[in-house]
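Student: Protein chains in written order, with the working numbering: chain C, 7 to 119; chain E, 376 to 489.
Please note: incorrect hints may appear among the correct ones.
To list a few chain E residues with every Cβ distance to chain C over 12 angstroms, as calculated [stated by the list, open to error]: (1) Gln381; (2) Lys390; (3) Asp393; (4) Asp438; (5) Ser441; (6) Glu443; (7) Gly447; (8) Ser448; (9) Gln459; (10) Arg485; (11) Leu489.
Now the in silico label distances, taken between C-beta atoms and shown as ranges [what the hints assert, rightly or not]: (12) E/Leu489 <-> C/Asn61: 43 to 53 angstroms; (13) C/Asn61 <-> E/Val449: 36 to 46 angstroms; (14) C/Asp75 <-> E/Gln459: 14 to 24 angstroms.
Think of the hints as simulated: they come from the structure by calculation, not from any bench.
All figures in this text were calculated on a predicted structure; none of them were measured in a lab.
Ideal Cβ placement from N, Cα and C applies to all residues, glycine included.
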Amino acid sequence: KNQVEQSPQSLIILEGKNCTLQCNYTVSPFSNLRWYKQDTGRGPVSLTIMTFSENTKSNGRYTATLDADTKQSSLHITASQLSDSASYICVVSGDTGRRALTFGSGTRLQVQP
Amino acid sequence: GAGVSQSPSNKVTEKGKDVELRCDPISGHTALYWYRQSLGQGLEFLIYFQGNSAPDKSGLPSDRFSAERTGGSVSTLTIQRTQQEDSAVYLCASSTTVAKNIQYFGAGTRLSVL
């Protein structure tokens, strides 16, 4: 069964600190992995997308890594800001089919001043 | 508009009533998806439309749920005889092609069934 597991479920950090969110998946075959940011009351917004051959991708203060061998990904947030408070969702695409996306339950990040 | 638009943003209804949720995708996007997000849960796929092809309805949880997409653009998700377990945020997403599958999400409709 295709699954995406994220950890931790929730995280509280102080403004300016770094943090790393984890994503483990069992989706096969694998096409790509993306991280979404979902602010409260809003729809998810794509942060990064990585294919099998990519092991790191950055988007500003967000850096995602992918280890396709161990089926693990991480999202590292540098110098956190209050606006980083949101849920971060890991999504794995098994193929290019229409129902291929498997969503994690997300990590709820709270950045405090 | 510039993004995916959903309406209403919030809907409170009584158990047993029917509700209609609307999604206006990004212009030119041929693929449209409906998802349900329950509190603390991941997104659950409901239904998918791609161009003029027959929709993939395999994610609909029961026959109380239906959706249509008129003219290849606006979509309506209908829930008949709502139940309390239908309470969730219903998200719509659209994308240009299935191959890229980069979906752009609307803000969702928060449905509360009392």
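Student: Each hint should be assessed against the structure and marked as holding or not.
Tutor: Hint by hint, here is what the structure shows:
1. Non-interface call for E/Gln381 relative to chain C: violated, since the shortest CB-CB distance, roughly 8 angstroms, does not exceed 12 angstroms.
2. Against the 12 angstroms criterion, E/Lys390 stays outside the reach of chain C, whose nearest CB is about 24 angstroms from its own CB.
3. Chain C leaves E/Asp393 outside its interface by the beta-carbon criterion, the shortest separation being 24 angstroms against a cut-off of 12 angstroms.
4. At roughly 19 angstroms from the closest C-beta of chain C, the C-beta of E/Asp438 stays outside 12 angstroms, upholding its exclusion from the interface.
5. Distance check for E/Ser441 against chain C: the nearest CB is about 18 angstroms away, which clears 12 angstroms, and the non-interface claim stands.
6. At roughly 17 angstroms, the least C-beta separation between E/Glu443 and chain C is larger than 12 angstroms, which holds for a residue marked as non-interface.
7. Here E/Gly447 stays apart from chain C, with its beta-carbon at least about 16 angstroms from theirs, past the 12 angstroms limit.
8. Distance check on E/Ser448: its Cβ is at least 18 angstroms (rounded) from any Cβ of chain C, clearing the 12 angstroms threshold; non-interface status holds.
9. The Cβ of E/Gln459 lies farther than 12 angstroms from every Cβ of chain C, with a closest approach of about 21 angstroms, so its non-interface assignment holds.
10. With 12 angstroms as the threshold on Cβ separation, the claim that E/Arg485 sits away from chain C is violated: the shortest Cβ distance comes to roughly 8 angstroms.
11. No beta-carbon of chain C is positioned within 12 angstroms of the beta-carbon of E/Leu489; the least distance is around 20 angstroms.
12. Checked against the given bound of 43 to 53 angstroms, the beta carbons of E/Leu489 and C/Asn61, roughly 49 angstroms apart, stay inside it.
13. One distance hint, 36 to 46 angstroms for the beta-carbon pair C/Asn61 and E/Val449, holds here, with the actual separation near 40 angstroms.
14. Range check, C/Asp75 to E/Gln459: about 44 angstroms between beta-carbon atoms, so the 14 to 24 angstroms window is missed.
Hints 1, 10, 14 from the earlier list are contradicted by this structure; the remaining hints agree with it.
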